[in-house]
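> Residue numbers (our numbering), protein chains in the order written: chain B, 1 to 208; chain X, 1001 to 1255; chain U, 2001 to 2215.
Among the hints, erroneous ones may be present.
Stated by the list, open to error - Straight-line alpha carbon distances no greater than 25 angstroms define the calculated DSS-like cross-link-like pairs of lysine-lysine that follow:
#1 B:202 <-> B:30
#2 X:1058 <-> B:132
#3 U:2193 <-> U:2130
#4 X:1250 <-> B:131
Bear in mind the hints are in silico, worked out from the structure with no lab data behind them.
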Amino acid sequence: MIELKNISYQYQNGEQVLDDFNLTLEPGDKIGLVGPNGSGKTTLFKIIMGLLAPDEGEVIIFDQPREKEEDFIEVRERVGFMFQDSDDLLFCPTVEEDLAFGPLNLGKSKEEAKEIVQETLKLIGMEGFEKKVSYRLSGGQKRMIAFGAILAMQTEVLLLDEPFSGLDEDAIERMVGILNDTDRSYIIVSHNGELIERVTNKLYYMNE
Amino acid sequence: MININQGFAQGSSWVHQLDPRIKIITIFLLATVLAVGESIVMLLQALVFSSFLILSAKLDLKEVGKRLMVVNFFILGIWLFVPLTYPGEALFQVGPLSFSIPGVIYATKITLRSNAIMLGIIALLSTSTVSSLMQAMRYLYIPEKIVYLFFFVYRYVHVIWKEFNRLHDSMLMRGFKSETSLHSYRSYAYLIGMLIIRSYDRSRRVYEAMLCRGFRGEFHNLDELSFSSRDLKIFSGILFFISWIIIVEKGVFLV
Amino acid sequence: MHISEGVLSAPVLLTGAAATATGTAVALRQLDNEDIPQVAIVSAALFVGNLIHIPLGPTSVHLILNAMAGILLGWKAFPAFLVAFLLQSILFQFGGLTALGVNVAMVSIPAVVCHYLFKIVTKRDEEGIKRLGVAGFICGAVGIALAAIFLMLALSFTDGSLEEMGRAILVANIPLAIIEALLTSLCLVFLQKVKPEVFTEFQDGAQSLQRRGRL
Chain B
1 MIELKNISYQ YQNGEQVLDD FNLTLEPGDK IGLVGPNGSG KTTLFKIIMG
51 LLAPDEGEVI IFDQPREKEE DFIEVRERVG FMFQDSDDLL FCPTVEEDLA
101 FGPLNLGKSK EEAKEIVQET LKLIGMEGFE KKVSYRLSGG QKRMIAFGAI
151 LAMQTEVLLL DEPFSGLDED AIERMVGILN DTDRSYIIVS HNGELIERVT
201 NKLYYMNE
Chain X
1001 MININQGFAQ GSSWVHQLDP RIKIITIFLL ATVLAVGESI VMLLQALVFS
1051 SFLILSAKLD LKEVGKRLMV VNFFILGIWL FVPLTYPGEA LFQVGPLSFS
1101 IPGVIYATKI TLRSNAIMLG IIALLSTSTV SSLMQAMRYL YIPEKIVYLF
1151 FFVYRYVHVI WKEFNRLHDS MLMRGFKSET SLHSYRSYAY LIGMLIIRSY
1201 DRSRRVYEAM LCRGFRGEFH NLDELSFSSR DLKIFSGILF FISWIIIVEK
1251 GVFLV
Chain U
2001 MHISEGVLSA PVLLTGAAAT ATGTAVALRQ LDNEDIPQVA IVSAALFVGN
2051 LIHIPLGPTS VHLILNAMAG ILLGWKAFPA FLVAFLLQSI LFQFGGLTAL
2101 GVNVAMVSIP AVVCHYLFKI VTKRDEEGIK RLGVAGFICG AVGIALAAIF
2151 LMLALSFTDG SLEEMGRAIL VANIPLAIIE ALLTSLCLVF LQKVKPEVFT
2201 EFQDGAQSLQ RRGRL
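Chain B on its own, in the form it takes in the complex (with noise of 0.2 angstroms):
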């Protein structure tokens, strides 16, 4: 689903994060990406999202290389990518318009989207949730809002992006739960290696 060849690149301060890099995806792979801070972990991520352009190297996704802002309009409906700093990514006034957010933006109607956040709340044990203000949840529950988020857009591919951190011991049962049910491929970076290994069939280490 995923393919990375080759695949380098350089900060704007000159400094060499990724350096040919390799990475394949396959259906049912579960991928965990280990590595010190600093690694290009998030990079490598935003490469595959098409927020940044590699100096060298081809990303192929779904069958088709990707290069132009264009190619990646796709890659954004069908990959959901959660990012380290939940309010980077809440940013409605209400968790209900924070989930219905993405399915919208894919067409969904707004019965269908509010169906998709009852099923996405419910899913995350957070039902009950839909009225609260996003802002104003703990750093806990705006991750799970978060996680959430990416969920209700039903993608076939999840990136997370350190998903784990600030969560309380049931929420990171609930979050294991989710993703060891789940038929969708992910990759996913953690600090945390128990953690990693709960919810990966595949592990990559990554030097500095």
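Starting from the known structure of chain B, fit chains X and U onto it as the hints suggest.
Chains X and U in isolation, oriented as in the chain B frame:
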């Protein structure tokens, strides 16, 4: 120092439940009539009306009083100058200073106007959540871009305020003292600069996150507003009152 | 720097509203939906900046930062201040509704003036960090001074008896003008050192994201 949590918006009185479109139209009409109004009788009636709304909304009167104090700070300035500088017959004299009767009347009008409008804003706008006001603005043909700007500013003021506090706290932890000195001003300049940079970076991430969720330059809204028959009744009552104060202002009964 | 509700006369209120409407209309034409998060979040930063108390001898002052807004946002300072003041009026009743037009125009017209003034003084000069500091100082002072002059004019056009008060406010704002000048200057130098892109990218809006990312 700052409370953007909208304490007044919590409540279940009929004022709270009134359709936000009615609230916006009402305060707009009321404020316009009052701002150009000259009749003290009319201004007094409007003040009573605004106070009635405040009481109906069952707001914490102490908190309302605090907010009025801030507004009346400027009005206090008016009282310090206008009675002395307004030409006219003197009410009384203290040494070389003469307080003119028309000046006192003029300052009274300003005070009444200002307080009546402010109470109206508190009763009608502060009792609505920002998201419901936004929704209403969309119905009232306010340009979409303004509505969305409004909504993003509201959403991120809170986040940036926290960011400011984190930066400021870390300055204090390192022994920063706020004082009138170049070092202190330079530190504030850096703090503001850092706030701008972080906000700028955040705005890019927010935009990227929106792109990743399929945003293509068009916003969709989820809820629709609908009038209830009670809303209509209250709105007719309000329109009746506003027509009444216009008649009073024009002096139909006084002449 | 706000004029309260109920003070100004109808012609002054209308003039202010017309100026704000015109400025906002010009800005909205330059503003795509894609640019909204950027303008809004920086407005939010300025909103927060406005609430900081800067010590001045035994008292403290609030910053306006209109020169800063103008330098970064250009004409978009109009909608930025419009939205910020509207929000302040709803949240803490600063400024009000009928006086909104006057209050916005009072700070935004100087902001736009500063925008062009800044361009003229710096001439996009690469090595001129000193020049940038000087430009910041001038703009900071001009931003506040102009705003205070507008405030004085709004008061004196309303009624002759308010002229005295307007003049007093003008004088009272001199220290603020000096502080803003100093802070704007230092802040610009800081931005130039830490993240010079902000100067150009605000003008180009969201397209710059694409340019740096995928091209």
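> Now, for every hint given, state plainly whether the structure supports it.
Structure-based check of each hint:
Our distance criterion of 25 angstroms between C-alpha atoms is met by residue 202 (chain B) and residue 30 (chain B), whose separation comes to about 6 angstroms. Among the hinted pairs, residue 1058 (chain X) with residue 132 (chain B) is consistent with the structure: their alpha-carbon atoms are about 23 angstroms apart, no more than 25 angstroms. Among the hinted pairs, residue 2193 (chain U) with residue 2130 (chain U) is consistent with the structure: their alpha-carbon atoms are about 12 angstroms apart, no more than 25 angstroms. Distance restraint check for residue 1250 (chain X) and residue 131 (chain B): the Cα-Cα separation of roughly 46 angstroms exceeds the 25 angstroms cut-off, and the hinted pair is therefore not satisfied.
In terms of the numbered hints stated before, the structure departs from hint 4 and from no other.
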